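Turn these sequences into a full structure, and let the hints guide you.
Position one of the sequence shown corresponds to residue 570 (the numbering used here), numbered consecutively onward.
What the hints contain is simulated information worked out from the structure, not anything from laboratory work. Watch out, some of these pointers could steer you wrong.
[Stated by the list, open to error] Each pair of labels, with its calculated beta carbon distance range:
no., residue 1, residue 2, range
1, K648, R622, 28 to 34 Å
2, E577, Q639, 51 to 57 Å
3, S575, R606, 23 to 29 Å
4, P578, R609, 52 to 58 Å
5, T640, W579, 57 to 63 Å
6, Q639, S590, 52 to 58 Å
For clarity, every value in this text was computed on a predicted model and none was experimentally measured. Don't be surprised by glycine CBs; every beta carbon is placed ideally from N, CA and C.
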Amino acid sequence: MSKTTSTEPWVDPDDAPKLTSAWFAEAELREGDKVIRRGRPRLSNPKKLVSLRLDHDLVEWFKASGDGWQTRINEELRKVAGI
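As structure tokens, this is what we get:
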């Protein structure tokens with residue numbers, strides 16, 4: 570029998586870890602070999618990120634109406650475009 574040089578205490582490999590809610594929260598979800606991503610599902614028609622320069626007073630007017638101001642700008646542009 571050889572001497573062990575490790576400073577780690579021996580752990581029985583048959584001892585299963587405790588499956589806590591914290592463990593499940595960090596676990597990787599899989600279906601077969603495919604990893605299932607968490608979060609919002611991908612949109613079939615995602616919005617495109619653009620850089621657009623608008624007049625300051627126009628942006629402030631939309632922002633003053635509260636959250637969702639970018640969505641409201643998008644809606645107004647759709648009306649003007651007729652789509």
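A quick look at each hint next to the structure:
1. K648 - R622: 28 to 34 Å: violated, 21 Å
2. E577 - Q639: 51 to 57 Å: Check passed, 53 Å falls within 51 to 57 Å.
3. S575 - R606: 23 to 29 Å: violated, 37 Å
4. P578 - R609: 52 to 58 Å: At 43 Å between Cβs, range violated.
5. T640 - W579: 57 to 63 Å: holds, 59 Å
6. Q639 - S590: 52 to 58 Å: violated, 36 Å
In the structure shown, a violation is registered for the earlier hints numbered 1, 3, 4, 6, in ascending order.
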